[in-house]
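> What follows is the residue order along each chain.
There are 4 protein chains.
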Amino acid sequence: MSTYNYPKFGAGLWHFANYIDRYAVDGYGPALSTIDQIMQAKQVEDLSYVDLPYPFTPGVSLSEVKDALQQAGLKAIGITPEIYLRKFSRGAFTNPDPRARAEAFTLMNEAAEVVREIGANYVKVWPGQDGWDYPFQVDHKNLWKLAVDGMRDLAGANPDVKFAIEYKPREPRVKMTWDSAARTLLGIDDIGLDNVGVLLDFGHALFAGESPADSAQLILDRGRLFGMDVNDNLRGWDDDLVVGTVHMTEIFEFFYVLKINNWDGVWQLDQFPFREDHIDAANLSIRFLKHIYRALDKLDIAALQAAQAEQNPLAAQRIVQNALLTSIQE
Amino acid sequence: MSTYNYPKFGAGLWHFANYIDRYAVDGYGPALSTIDQIMQAKQVEDLSYVDLPYPFTPGVSLSEVKDALQQAGLKAIGITPEIYLRKFSRGAFTNPDPRARAEAFTLMNEAAEVVREIGANYVKVWPGQDGWDYPFQVDHKNLWKLAVDGMRDLAGANPDVKFAIEYKPREPRVKMTWDSAARTLLGIDDIGLDNVGVLLDFGHALFAGESPADSAQLILDRGRLFGMDVNDNLRGWDDDLVVGTVHMTEIFEFFYVLKINNWDGVWQLDQFPFREDHIDAANLSIRFLKHIYRALDKLDIAALQAAQAEQNPLAAQRIVQNALLTSIQE
Amino acid sequence: MSTYNYPKFGAGLWHFANYIDRYAVDGYGPALSTIDQIMQAKQVEDLSYVDLPYPFTPGVSLSEVKDALQQAGLKAIGITPEIYLRKFSRGAFTNPDPRARAEAFTLMNEAAEVVREIGANYVKVWPGQDGWDYPFQVDHKNLWKLAVDGMRDLAGANPDVKFAIEYKPREPRVKMTWDSAARTLLGIDDIGLDNVGVLLDFGHALFAGESPADSAQLILDRGRLFGMDVNDNLRGWDDDLVVGTVHMTEIFEFFYVLKINNWDGVWQLDQFPFREDHIDAANLSIRFLKHIYRALDKLDIAALQAAQAEQNPLAAQRIVQNALLTSIQE
Amino acid sequence: MSTYNYPKFGAGLWHFANYIDRYAVDGYGPALSTIDQIMQAKQVEDLSYVDLPYPFTPGVSLSEVKDALQQAGLKAIGITPEIYLRKFSRGAFTNPDPRARAEAFTLMNEAAEVVREIGANYVKVWPGQDGWDYPFQVDHKNLWKLAVDGMRDLAGANPDVKFAIEYKPREPRVKMTWDSAARTLLGIDDIGLDNVGVLLDFGHALFAGESPADSAQLILDRGRLFGMDVNDNLRGWDDDLVVGTVHMTEIFEFFYVLKINNWDGVWQLDQFPFREDHIDAANLSIRFLKHIYRALDKLDIAALQAAQAEQNPLAAQRIVQNALLTSIQE
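Residue numbers (this note's numbering), protein chains in the order written: chain U, 1 to 330; chain B, 1 to 330; chain D, 1 to 330; chain P, 1 to 330.
If you're looking for bench data, these hints aren't it; they were derived computationally from the structure. Please note that the accuracy of each hint is not assured.
Because identical chains share one entry, a pair is satisfied inside a single copy or across any pair of copies.
[To be verified] Mimicking EDC-like on lysine to aspartate or glutamate, the simulated pairs with C-alpha atoms at most 20 Å apart in a straight line are:
| hint | residue 1 | residue 2 |
| --- | --- | --- |
| 1 | K141 | D36 |
| 2 | K66 | E110 |
| 3 | K259 | E103 |
| 4 | K175 | E310 |
| 5 | K87 | D277 |
| 6 | K8 | D194 |
| 7 | K42 | E250 |
| 8 | K87 | D190 |
| 9 | K145 | D189 |
| 10 | K141 | D221 |
Since the model is a prediction, treat every value here as computed from it, not as a measurement.
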């Protein structure tokens with residue numbers, strides 16, 4: 001029987017939705033309401049938090065959501081305003097039309113209000129439509145200014161609320177403005193406010209060609225790691241696969257960096273199980289994450305740090321494999 | 001005034017649809033019927049052919065489509081059965097459920113019947129859901145057998161109809177079974193029927209890490225180039241951008257190979273102008289393609305072939321730039 | 001104490017060389033002779049085979065190599081003619097100069113003779129300089145014909161020797177002619193001889209966007225898997241890292257496919273430990289491969305095949321993780 | 001006859017060297033001395049500047065270099081210390097061995113002295129060996145600190161000399177520390193000195209998944225664009241191909257951004273013509289760059305800016321194609 005003091009686990013509520021894409025335009029399953037999704041999330045063992053897209057599905061009120069969360073034993077960690085729907089398809093902060101920008105601002109302000117009312121940690125800002133598709137499409141100086149100014153206005157208007165920018169290289173735009181850890185930190189410097197930080201997605205960092213562990217360290221060193229989530233992919237796209245199915249070593253390194261920096265937030269899932277059972281996908285993920293947690297406990301950190309001081313990858317990997325693949329020492 | 005004898009231009013009818021994706025789940029614009037889309041296509045200058053997804057949108061009959069095409073001055077070049085909707089989301093030919101495979105077969109047979117009735121050139125087979133998402137998900141031997149057997153059954157049951165497989169590395173599956181020119185030709189060898197060939201998409205070849213010109217040559221050498229379409233991307237995804245906006249030289253090389261092989265089919269567009277005016281996107285594309293056509297006329301093919309015999313890229317590029325960028329010799 | 005009947009392990013002899021690249025033009029260490037390298041290989045625990053580049057380093061004779069191998073307790077599995085040195089920098093089989101092609105043929109014939117004399121399994125043909133660098137540089141039809149004809153001539157002239165083509169997408173050419181599993185099999189069909197097959201490099205398959213397990217199955221199904229080697233990379237380049245340091249699950253799937261097909265050849269390393277201790281790199285690799293071998297023994301293959309019959313990735317991954325990460329079931 | 005007031009053109013002197021790589025270990029041609037390379041550069045039409053690797057080849061003195069440059073009608077724009085040779089193969093600034101770091105510092109200080117003596121614009125710092133190869137190899141916090149502190153020490157010790165960091169995602173390290181425009185700017189902020197800036201390489205930006213035009217704007221907005229060079233590639237590697245052979249539109253956008261920001265530095269080449277005539281490669285490049293310069297003159301900038309204000313890619317591309325492909329309006 002486990003005696004481990006595991007971290008809290010969470011998931012984007014969309015983990016329990018059905019999806020649609022440009023080919024399966026009738027969706028991978030029937031549409032589910034926010035409440036339906038919460039009831040699915042309830043069935044996952046060991047899930048404590050969800051990140052909620054906002055607005056909720058039509059006809060669902062905030063009080064209903066609060067009730068459903070309570071009934072499901074779940075808390076809201078973040079609220080994600082849907083600044084990527086049709087009206088923002090040419091951008092939220094960076095939309096060329098000032099009316100669309102104003103609408104995006106309004107929606108994000110509402111999300112901040114929901115954060116207050118529901119007691120969540122942050123508004124998650126994922127500006128997937130902010131960017132460009134073609135060479136020569138935009139004035140890059142102006143685009144970046146719109147992105148930075150928009151975030152500053154939003155965060156400045158809500159100084160009591162945290163805003164966590166989730167960067168990604170691309171999709172749905174061919175190129176997203178907030179595309180990498182470094183660029184996001186550069187923008188945060190330009191914004192100049194304490195309540196703007198980063199939601200670091202493991203898969204987005206991989207897709208961006210980063211070492212997710214390195215990105216975590218860089219963001220932590222500037223005090224901006226407001227949240228994180230995990231998943232997996234083949235490095236060429238944001239596949240949002242179940243965590244641990246491809247990159248075991250790098251997810252281990254990611255959590256190792258969080259541990260040595262004493263980061264003790266929620267371990268969240270951001271996965272899109274298009275064709276899979278959603279509850280089973282979450283359970284398999286958490287089973288794997290618990291293995292990672294225990295492996296961190298077995299890891300000889302002093303020896304690893306000695307190997308890293310020499311930048312000796314063979315010594316480091318031997319130590320890591322001993323912890324991750326317990327039976328390798330047979 | 002132009003005296004050029006331009007090729008016929010065509011487009012996938014979806015060029016004139018509105019799109020949806022996993023984020024903009026309310027779509028980039030209102031849904032349009034098959035007839036609406038044909039009426040949009042009519043407005044493009046110099047468009048002669050369309051490739052029609054099948055089934056048509058709800059309530060639209062074949063005779064209505066035929067009438068609309070006639071009214072628009074358009075012909076059908078291909079019929080594309082939608083073997084990537086919800087019921088085939090776990091695969092068409094390679095679905096693990098034999099009932100879903102049978103349904104896919106039925107739908108593709110119907111598409112063959114529409115080809116006959118509408119006088120199109122081929123059924124385009126785009127098995128975007130055939131493949132896998134995770135390591136260890138499938139028995140690769142069995143998956144490939146299902147893919148090949150399914151195509152053989154379909155083509156064998158319709159010996160009077162051509163079937164053009166459109167390969168792509170991935171999307172919506174993380175990995176598609178028919179992923180490259182070479183693998184598709186290998187499968188066609190295994191199928192062993194004359195009425196199975198390739199629909200070569202320029203952007204898919206780029207995305208697959210191929211030289212589209214080389215892929216065209218390889219397919220032509222085996223007598224299997226049943227059709228082609230063009231677009232553009234940044235090589236990392238099937239962006240379906242407007243042709244000529246990124247890869248001018250490689251699209252020129254692609255059409256050069258078609259020309260020296262006397263391939264005289266329709267120059268088709270496969271583009272998804274998510275956020276752009278669809279008619280303007282088509283017009284800009286055709287304007288560019290006409291420039292390519294004229295540049296081929298200006299190209300000193302004998303000199304180019306001499307440079308290629310020496311594999312001299314500098315000499316070759318100089319000749320190519322002289323034709324493509326006319327004013328470079330100022 | 002281990003009671004496992006492990007496979008034989010091997011390595012490309014270059015694993016024990018020092019390297020050079022376009023920046024560190026003075027090399028990552030002093031040059032080592034063929035004999036020096038064999039003496040290093042001797043120090044690796046559990047190494048039985050080496051693949052030998054040919055010609056040997058200056059002044060080293062075949063009989064000296066044979067003696068050194070015997071002294072080291074090693075056998076030659078393959079001979080790799082260096083058809084990528086300066087004189088072949090514009091191609092071996094596909095060089096535009098027929099004299100260079102003739103020289104390449106001569107060198108490869110010599111390699112075949114060394115295979116006979118040393119009792120190796122095959123000539124490994126790695127035509128890294130065969131291909132192109134620029135759009136429009138080559139006549140693709142002619143390039144492919146040169147590649148195929150050259151291999152046919154070579155194998156036809158040496159019907160008693162096996163020739164294993166090692167494909168890779170690129171490097172040193174921007175694009176290699178033998179770039180993927182499917183294209184190589186297509187070429188082998190065109191060659192039409194039984195003594196031409198494939199040396200499947202795990203990392204090259206990853207780099208080519210393939211599932212290495214799928215590539216193995218495809219090649220096995222045509223009876224052409226003459227050899228294989230392993231390493232690791234980040235999918236974007238042929239990094240030749242130590243096996244198991246990045247892609248644990250996919251290397252496991254690769255060996256799983258070999259096992260269920262009863263492939264019982266040598267498990268070879270093709271690694272370039274530029275900055276690492278070469279012997280330690282080999283030992284760490286073999287330690288990891290033994291873990292894989294034992295994990296295959298623990299794998300519930302019947303349950304996995306049942307999951308694969310349903311194409312259920314969650315069930316499959318659970319079974320796989322149980323075998324690979326033994327302590328995950330705690 | 002041309003009446004254009006073209007910019008000055010330059011090239012890294014290595015454009016005229018012969019290369020070596022990990023396969024063609026005997027090199028793509030005989031080694032050439034610094035003086036030999038200058039004499040080759042002299043033969044290029046319209047070349048005014050070179051960037052000189054330091055130390056010069058064995059036996060060549062600074063005064064000989066100065067004489068040769070004068071004789072060739074060339075000036076030095078930058079000095080590039082070779083902090084990527086064997087002794088720095090485990091890193092220059094980030095080497096785990098403090099003695100190696102001290103040696104790197106000494107070499108770069110010498111390069112600063114050469115900049116003063118030869119009247120060049122900057123020391124170009126290209127730390128290609130600073131980074132890591134394996135997950136878990138390094139302590140990311142420490143690695144970044146070494147990189148930043150090393151640059152600060154160097155620039156602080158030479159306040160009269162400019163230092164231009166040339167970032168690249170990778171090669172020869174699997175991952176370089178200074179990997180992108182944004183991260184480099186972040187590091188420059190941390191360094192806090194005015195004499196540290198960026199050498200922006202067009203191909204490195206493409207390889208990093210950036211829009212080179214956007215990167216230029218971002219760096220210009222912070223006043224850090226100390227130099228730039230151009231080439232081309234297929235986005236997946238730093239191929240250092242001849243400029244204009246693949247990405248015509250994006251190189252045009254890059255120079256457009258430089259123009260509207262009134263950046264008036266030298267247009268430099270950073271190309272590795274492994275298998276090509278080096279002088280012809282430079283001439284072809286400059287011919288293309290002059291075309292770009294003239295196309296900028298033809299570009300309807302007011303109309304383009306209006307299109308960009310609407311983020312209308314079709315309007316923008318039409319305007320761009322009119323300028324780049326003059327005869328498209330036929």
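> Take the hints in turn and mark each one as holding or not.
Hints, one by one, checked against the model:
no., hint, result
1, K141 <-> D36, "neither (43 Å within a copy, 39 Å between copies)"
2, K66 <-> E110, "within (16 Å within a copy, 50 Å between copies)"
3, K259 <-> E103, "neither (40 Å within a copy, 35 Å between copies)"
4, K175 <-> E310, "between (38 Å within a copy, 17 Å between copies)"
5, K87 <-> D277, "between (31 Å within a copy, 16 Å between copies)"
6, K8 <-> D194, "neither (25 Å within a copy, 45 Å between copies)"
7, K42 <-> E250, "neither (29 Å within a copy, 33 Å between copies)"
8, K87 <-> D190, "neither (27 Å within a copy, 39 Å between copies)"
9, K145 <-> D189, "both (13 Å within a copy, 19 Å between copies)"
10, K141 <-> D221, "between (28 Å within a copy, 8 Å between copies)"
Checked against the numbered hints listed earlier, the structure breaks hints 1, 3, 6, 7, 8; every other hint is satisfied.
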